[in-house]
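Residue numbers for the sequence shown follow the UniProt record's numbering, so the first one is 1 and each next one is one higher.
What the hints contain is simulated information worked out from the structure, not anything from laboratory work. One or more of the hints may lead you astray.
What the hints assert, rightly or not - Estimated spans, in silico, between C-beta atoms of each pair:
| id | residue 1 | residue 2 | range |
| --- | --- | --- | --- |
| 1 | Leu-105 | Val-176 | 14 to 24 Å |
| 2 | Ala-280 | Leu-81 | 39 to 49 Å |
| 3 | Trp-317 | Gly-144 | 39 to 49 Å |
| 4 | Gly-253 | Ile-305 | 20 to 30 Å |
| 5 | Gly-253 | Thr-212 | 33 to 43 Å |
| 6 | Lys-220 | Pro-89 | 37 to 47 Å |
| 7 | Gly-253 | Lys-220 | 43 to 53 Å |
| 8 | Val-86 | Val-236 | 28 to 38 Å |
| 9 | Gly-87 | Lys-148 | 15 to 25 Å |
| 10 | Trp-317 | Glu-141 | 46 to 56 Å |
| 11 | Gly-225 | Gly-253 | 34 to 44 Å |
These numbers come from a predicted model, not from an experiment. Yeah, the Cβ is synthetic: ideal placement off N, Cα and C, and Gly gets one too.
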Amino acid sequence: MAFSTLLHYRPTPFLFPPAHCSPSVPRRRPPPLLNPKPRKPNSRIPLLRTNAVSVQGAVSEAISLIQSTPPSWQSALLSNLLIFVVGSPILVSGLSLSGFCAAFLLGTLTWRAFGPSGFLLVASYFVFGTAATKVKMAEKEAQGVAEKRKGRRGPGSVIGSSAAGCICACLTIYGVGGKAFSQLWRLGFVASFCTKLSDTVSSEIGKAFGKTTYLVTTFKVVPRGTEGAVSVEGTVAGLLASIILASVGCLMGEINVLGAVACMIASQIANLGESIIGAALQEKEGFQWLNNDAVNVINITMGSILAILMQLVLQNWLM
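Whole structure, please, built from the sequences with the hints as guidance.
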C-alpha cells in the first residue's frame, strides 16, 4: 500500500463494540423461542350448543303438539297451561282460586273436543260476561244486587255455567252418534254459552241501567235484582250478546249461519223459561235447593236442547 493511501485510510467502526469498550451496556440476547403448550378445547362450548339444540327441539316439538289435528289430551293440556299462565292477570279478576282451577279443567276439555276455535268461544264468553258483571259494580253493591266476591266466579258458577257444554264436549270426544251427530253436539256447545252469556248480560245490564223491572209472571213492577225480573234494557243487551257470541262461533267455523240463528232464538226462549222458573219457584218453600247454580244448569241445558231441535227441524224443512 502506498504511503499516500495510508494517510487517507479511515477504519470502519464496529457495529457491535466489544464488551470491554462499553461495560455499562448489557449485551442484548435474542429472546428464546416460544413453545406454548397447546390449549385444551373448551368443553363448555359443545355443551352450550347441545343445550341450545335441545331447547330448540323442545320448542319445535311443543309447537307441533299444540298444532296437532285432531287435538289430543297432551296438546289440550299444554295449550291450556300456556294460555292460563299468560292470561292469569285477566283470569284472576273474574275467578276465585277454586274457580280458576275449575276453569282450567273446562278449558282443557274444550280444547280437546273442539280445538282452538272452541276455546276462543269460551274465552269470548268469559271476557264479555266478566265485563258486564263489572259494569257499575259500586252502584250495584250499594243496592245489594251485585254478585258476590265482586263478581269473581267460584267453581259452582263455572260448572253450572258450562255443564251442558261439557256434556256436548264429552259426546264429541267419544264420538257418540258418529259423524252424523258431531255437528249437533258442536251446535249444542255453542248454544249453551250463547244462552248463559245472554242471561248474564241481560241480568247485569238490567241491574245497572234498567229503569223499570217487571216480574215476568205477573208484569208487576219489582225492585232490581228480584228473581224472575226483566227489563227492556237488559233484554235488548242479552239479545245483542247472544248475537255477538253466535257470530263468533260462526266465524270460527263451529257452526253455520243456520246454527247461529238457532242459537240466538234458543237462548232467548231458554232465558224466558229461566226467568219463569226464578219467579215461580226459586227461593220458595220446598225449593231451597233451586239456587242460582242449579237454575243455570237448567237454563243452558234448555238452550242446548232447543238449538239442536231447531237445527233438525230447519234442516228437514229446508230439504
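Indices of hints not satisfied (ascending): none
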